[in-house]
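S.K.: Each chain, written out:
There are 2 protein chains.
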Amino acid sequence: RVGLALAAAAALALALAAWRRRRPPVREVLFFPSRPSCTEALLAEAAGLGTTARPCPCPLPQGDSSLSRLLRHLLSARRSLEICLFAFSSPQLGRAVQLLHRRGVRVRVVTDAQYMGLPGSQIGLLRQAGIQVRHDQESGYMHHKFAVVDRRMLITGSLNWTTQAIQNNRENVLVVEDAEYVKPFLDEFERIWEEYNPIKYRFF
Amino acid sequence: RVGLALAAAAALALALAAWRRRRPPVREVLFFPSRPSCTEALLAEAAGLGTTARPCPCPLPQGDSSLSRLLRHLLSARRSLEICLFAFSSPQLGRAVQLLHRRGVRVRVVTDAQYMGLPGSQIGLLRQAGIQVRHDQESGYMHHKFAVVDRRMLITGSLNWTTQAIQNNRENVLVVEDAEYVKPFLDEFERIWEEYNPIKYRFF
Numbered sequence: 001r002v003g004l005a006l007a008a009a010a011a012l013a014l015a016l017a018a019w020r021r022r023r024p025p026v027r028e029v030l031f032f033p034s035r036p037s038c039t040e041a042l043l044a045e046a047a048g049l050g051t052t053a054r055p056c057p058c059p060l061p062q063g064d065s066s067l068s069r070l071l072r073h074l075l076s077a078r079r080s081l082e083i084c085l086f087a088f089s090s091p092q093l094g095r096a097v098q099l100l101h102r103r104g105v106r107v108r109v110v111t112d113a114q115y116m117g118l119p120g121s122q123i124g125l126l127r128q129a130g131i132q133v134r135h136d137q138e139s140g141y142m143h144h145k146f147a148v149v150d151r152r153m154l155i156t157g158s159l160n161w162t163t164q165a166i167q168n169n170r171e172n173v174l175v176v177e178d179a180e181y182v183k184p185f186l187d188e189f190e191r192i193w194e195e196y197n198p199i200k201y202r203f204f
Numbered sequence: 001r002v003g004l005a006l007a008a009a010a011a012l013a014l015a016l017a018a019w020r021r022r023r024p025p026v027r028e029v030l031f032f033p034s035r036p037s038c039t040e041a042l043l044a045e046a047a048g049l050g051t052t053a054r055p056c057p058c059p060l061p062q063g064d065s066s067l068s069r070l071l072r073h074l075l076s077a078r079r080s081l082e083i084c085l086f087a088f089s090s091p092q093l094g095r096a097v098q099l100l101h102r103r104g105v106r107v108r109v110v111t112d113a114q115y116m117g118l119p120g121s122q123i124g125l126l127r128q129a130g131i132q133v134r135h136d137q138e139s140g141y142m143h144h145k146f147a148v149v150d151r152r153m154l155i156t157g158s159l160n161w162t163t164q165a166i167q168n169n170r171e172n173v174l175v176v177e178d179a180e181y182v183k184p185f186l187d188e189f190e191r192i193w194e195e196y197n198p199i200k201y202r203f204f
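Protein chains in written order, with full-length UniProt numbering: chain F, 1 to 204; chain D, 1 to 204.
In isolation and in its complexed conformation, chain F is listed as follows:
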């Protein structure tokens, strides 16, 4: 009986410790334009190339910016990444997504048919890298701008992932881990993903 009581107490202590270690949910708001900053070290670190191996020779300041915060959240993916984007042409964000794909993260991309072929679009490069991409066939725009990391973290706002938007526009991005917000976006992604299944494409 004493053994049983001790075991129960130990289990309780462990559970309590785990509960205490629990990270509070991320709740962050990022505004753009992002201040200029070099993101090479961040991408090199994520690629496992080490941070100090080859310092970037560019003149951009190091340190945090809205873009680097966005990259960091994206690069925290370990298992899955759903992306639903009207326009995607930022080379840094494109590299981050490719890097996650190479790392074994299951990446799925939904985008807008009218915008995916524009000059500078990352969509072709992502497809070349073997990442699954689906697009609409509608007259309306697929105008969402969100991503879901590990089915846990929602990244959403007004920002298209383009250099123009990141560097020049007034934009916002919410980074959210509240399940009440994440779940509907995941459901919306799955709905659109199925609706845009290539077996349903019509060829005119």
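Among the hints, a few may not be true.
Here are the simulated EDC-like pairs of lysine to aspartate or glutamate, each with C-alpha atoms no more than 16 Å apart in a straight line [as the list claims (entries may be wrong)]: (1) D:K183 to F:E28; (2) F:K183 to D:E28; (3) F:K200 to F:E138; (4) D:K183 to D:D136; (5) F:K200 to F:D136; (6) D:K200 to D:D150.
These aren't lab readings, by the way, just hints derived from the structure by calculation.
Given the coordinates of chain F, assemble chain D onto it according to the supplied hints.
M.R.: Same frame as chain F, now just chain D:
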């Protein structure tokens, strides 16, 4: 002493009842395109014209839709409304904003200089109605799409307030009362509002 104890107990009971009545914070996600629905009854009711006085003869279905939910949240404003919108051409949302202004709500609008003069824009009508509007003078876009109701409720997402977006696009809108999200957006509004003060306009 018994009186004091009774008074304390009564105060406690009242506080408990108020705490129980406390409405949980709104946390809603709306997706678009909105299903078609008639919003005339909603706008007539908000204008104090009564709901059943003159039923709308249009063939659109009654009942809830993403647009009617958005309108309802907007029309809940009692004191202030900050709007920060890239494009604003929806007649229903324009009428709602004018109605709030007439009701004495302090309405302030920030918008994008390149888009505010396009055909169908509501911005001219809002100005004619006496609502304060400010705009950027930058080469980048003022691409935000958010509103704050009574400094308490944030409405934000990918949706521009245009009929095209409401009826045809894939869009999202978050309706949020968590202070951690509302506060940064209010601060961003005040920053932009000051920056776009007409005394700073340059005339080329």
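S.K.: Taking the hints in turn, state whether each one holds.
M.R.: Against the structure, the hints:
For the hint linking K183 (chain D) to E28 (chain F), the alpha-carbon distance of about 11 Å falls within 16 Å, and the restraint holds. Only pairs whose Cα atoms come within 16 Å are accepted, and K183 (chain F) paired with E28 (chain D) is accepted, the gap being roughly 11 Å. Restraint check for K200 (chain F) and E138 (chain F): satisfied, since their Cα atoms lie roughly 12 Å apart, inside the 16 Å limit. Pair hint K183 (chain D) plus D136 (chain D) does not hold up; C-alpha atoms about 22 Å apart against a cutoff of 16 Å.
Of the supplied pair hints, the one linking K200 (chain F) and D136 (chain F) holds, its CA atoms being roughly 10 Å apart against a limit of 16 Å. Taking the CA atoms of K200 (chain D) and D150 (chain D), the gap is near 28 Å; set against the 16 Å cutoff, the hint is violated.
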